[in-house]
Structure formats: structure tokens, C-alpha cells
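*Asks:* Below are the chains, spelled out letter by letter.
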Amino acid sequence: MPVYERIASLGITLPDVTPPVAAFLPFVRSGNQIFLSGHIAKKDGKPWVGQLGANLTTELGTKAARGIAIDLMATLNLAVGDLNKIRQIVKLMVLVNSAPTFTEQHLVANGASELLAQVFGEDGMHARSAFGVAQVPFGSCVEIDLIAEVNDR
Amino acid sequence: MPVYERIASLGITLPDVTPPVAAFLPFVRSGNQIFLSGHIAKKDGKPWVGQLGANLTTELGTKAARGIAIDLMATLNLAVGDLNKIRQIVKLMVLVNSAPTFTEQHLVANGASELLAQVFGEDGMHARSAFGVAQVPFGSCVEIDLIAEVNDR
Amino acid sequence: MPVYERIASLGITLPDVTPPVAAFLPFVRSGNQIFLSGHIAKKDGKPWVGQLGANLTTELGTKAARGIAIDLMATLNLAVGDLNKIRQIVKLMVLVNSAPTFTEQHLVANGASELLAQVFGEDGMHARSAFGVAQVPFGSCVEIDLIAEVNDR
Chain Y
1 MPVYERIASL GITLPDVTPP VAAFLPFVRS GNQIFLSGHI AKKDGKPWVG
51 QLGANLTTEL GTKAARGIAI DLMATLNLAV GDLNKIRQIV KLMVLVNSAP
101 TFTEQHLVAN GASELLAQVF GEDGMHARSA FGVAQVPFGS CVEIDLIAEV
151 NDR
Chain P
1 MPVYERIASL GITLPDVTPP VAAFLPFVRS GNQIFLSGHI AKKDGKPWVG
51 QLGANLTTEL GTKAARGIAI DLMATLNLAV GDLNKIRQIV KLMVLVNSAP
101 TFTEQHLVAN GASELLAQVF GEDGMHARSA FGVAQVPFGS CVEIDLIAEV
151 NDR
Chain D
1 MPVYERIASL GITLPDVTPP VAAFLPFVRS GNQIFLSGHI AKKDGKPWVG
51 QLGANLTTEL GTKAARGIAI DLMATLNLAV GDLNKIRQIV KLMVLVNSAP
101 TFTEQHLVAN GASELLAQVF GEDGMHARSA FGVAQVPFGS CVEIDLIAEV
151 NDR
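So the protein lines, in turn, are chains Y, P and D. Going by the working numbering, the final residue of the first sequence carries number 153, and the count climbs one at a time with no gaps. Going by the working numbering, the final residue of the second sequence carries number 153, and the count climbs one at a time with no gaps. Going by the working numbering, the final residue of the third sequence carries number 153, and the count climbs one at a time with no gaps.
All clues stand as given, with none of them false.
Residues from chain D shown here face chain P by an in silico Cβ test under 8 angstroms; the list is partial:
| id | residue |
| --- | --- |
| 1 | Ser-98 |
| 2 | Gly-132 |
| 3 | Glu-149 |
Don't read these hints as lab results, they were simulated from the structure. Beta carbons are placed, not taken as given, at the ideal position from N, Cα and C, and that holds for glycine.
So that you can see chain Y by itself, here it is in the shape it has in the complex (with noise of 0.2 angstroms):
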């Protein structure tokens, strides 16, 4: 199982995934459409709390991204059941926690597309935007919502 495979070689364990507590859900399938809801930057388990160009660094933002397209994928593996069955990654929104003037939400963003890209080969390769916005639930520095398409029939 090449994907599997991929992502132990990068020294990546899925973590468990934790359902939201709120009246949403973490995926919901719409045809062969998987959209994962938003998922939050983390660090130690809990939000990772900051704001690129006050004090968070780009290089870390970059990790902090990297970071949650690995909760992404771990919500997929839930969803899917095995992440073999992904036939593409379709598109991913990437909102960074932005002072005014910080403009380098694209070299964040790039912390989870390259994961992505490393596990899933060309079905990792998605279409993407990457923007600043005003503040993230919690506080927390970066989030990231998905949709993939699967082939499972």
C-alpha cells in the first residue's frame, strides 16, 4: 500500500481523530466529493496559538500548515477507510492568521500542499487558495479545509 508506505518513510504517524463536539461534522460525502470540514492548527494537542507577521514566523506557519495536512489526512483515512482509494486531491483552502501586512500566506500554504504531494504523488497535486484572514477559532495560526475525490466503486 504505496500511500502507507509514503507516509511512514516520512516519519508520520495519523493521529486519532477527535469528532468536533459542535453540531458539525469533521467530513460529509457528496457523490465521490469528500469535503473535510476546516481543521485547526495544533501543537501539543491544543490550538496553535499565533499570528504570522506578529509572532509567528513564516518558517513556522509553514510547519504549523504541515502540521494540519496531516490531521487532514487522518480525518480522509476516517472518511475513506483506506487513503488508497483517494483518486485526487481537488482543492484546499488555506486561511492564515495575518497581520496587515504580513503577504506570504502562499509559502505557508505550502507547508501542507508539499506534504500532500510527497504522500498522495500526483493525486496529492490540488487546486489551492491561500489567503489572510482577520483572526482563526481559537486563536490558532493557521486553518485548512479540503476536498477530494474518491474511487471506490
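Given chain Y, work out where chains P and D should sit, using these hints.
*Replies:* Same frame as chain Y, now just chains P and D:
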């Protein structure tokens, strides 16, 4: 028709939908999916102006989000003709007009998410992204768009 | 080919698309839907830097959004090979780099919406979300992404 009974039992009357005057539509269907335009919070028919963390409490923001969910259901009703044909509320994007220090966008968003779950039950449970934006058209305090899946064949 | 005639009659030449250098794609197809990455406003081939409500008028923002719509059509053309195969422009997300007091994101967005309606007619009418963001990559004044449905079978 259980959905309409649940709406009535909550004391809710779906408003008439006023299609926007600009070069865009309140909804577009693509396959079995219906994409709803961003709906802004209104009060007495006018934009509900305000910013969370500045001049609006989380409680009022939550109420504003609930009001938008009512407007979204009215638009869905116009789009599908019968809300019982909604197979699933797939995804919500909740934009909260936020002062730099406000980090409770998830609580504001719950105002919409919980109402949709009350009205549609399991079919109303959705994926969601909520975050803080710098502004919303007309200075409105919250804006929400939605993707739903229809089953009408 | 009416679509290209309309583009020409508006005096528009679709630019060559330069695929981004990062780990993401300008577009991804999923079923009959094409998801376009966020395209930022450009001027003379470089990011059109500015913020609405700070150093850019609504009129210029509208022009910037119209310019992005041209770039989006060029990417769609690359994706589909023939713009006459576009069944419908489904959804636009318009991100306006906004000072805290700027509330005319809908007017800025009209620059893109109206051009798409001029070029594609009824098929260009779309659902839309427009809002103010804290920043856009490279400091660009507007960013827009798009979902379109293709009919090529």
C-alpha cells in the same frame, strides 16, 4: 412533511427570497449539488451592521448566524421547491466580521449549524469552516454560504 | 464560436497561462466540475499591490477584479480546451484585501461577475461569496477562485 413541521414547530416562517440585483444568482445547481451565494446577516430587512469583538457580543453574533440559516433555508426552498428533497447539507462557510482579538467564530457559527441540525436532523449535519474576516459587504456582522445535495430523481 | 466572438468583441485577448511554481495546480477537474485556484490581481504581469479602503478606490478594485476574470477564463480555456464546453460558471469566491472600514466588497466583485455574464450569457451567471480579507499573497488587492461545470460528453 416533517421538515416544514419542524420549521413551524420552531416558530420559524421562511421569508420570501429577494434575488440579488447584481450580476450573480442566489443559487446555482451543478449535478446534484446546489451552491448558495454568501448570505449576509440582516435585521429588520437591512444589513445587521457590526463587528464581533468590537461592538457585538458572541451571543448576538450567534443569533445573527441563526437568522442567516433561516434565509439560507428560504433560498434552498426556492431552489429545490421542496425542502424534503434535501439529501444532505454538505458544507457551510461561516465568515465572522471580527476584531483582531475575537477568537470565538466557532460559537457564532453554531447558531447556524444547530438550527440546520434541528430542522433537517442527521441530513442537516454538515462539514464547516468558520473564520474571522476583515469585513463583510455592507458592514454586516456575519456572512454564510452553503453547499447542499439534492435527491429529486 | 459565440464565446470567443464575445471575448474578441469586448477587446479582450486571453493571456497565456503561467502555471504556478509551487506544489499546487491552476485547476483540477472532479467529475464535471473544474476547480480553479485562487487567482490574484495583476498589473503589467506583477501582483497589483494595494488595499481597498486604504490606498485603492472601489473603482480600481472593480477593474482589478475584471482583470482576474480574464485570467480565470484563460485558465478555464487551458483546462477545457474550448470555452464553449462550459455549461455553467457555478461559484465565485471573491477575496478583497480590505481596510477595516471598507464595506463595498460586492461592488469590487461585480467587476468579475459582470464580465463573466457578458461573455457566457446565462451560463455565466453564478453563485458568489465576496468578503474582506486581512491580506492576499504578495499584497495583491483582490483574489478570486472559481468552480465551473463542463459539458464535454
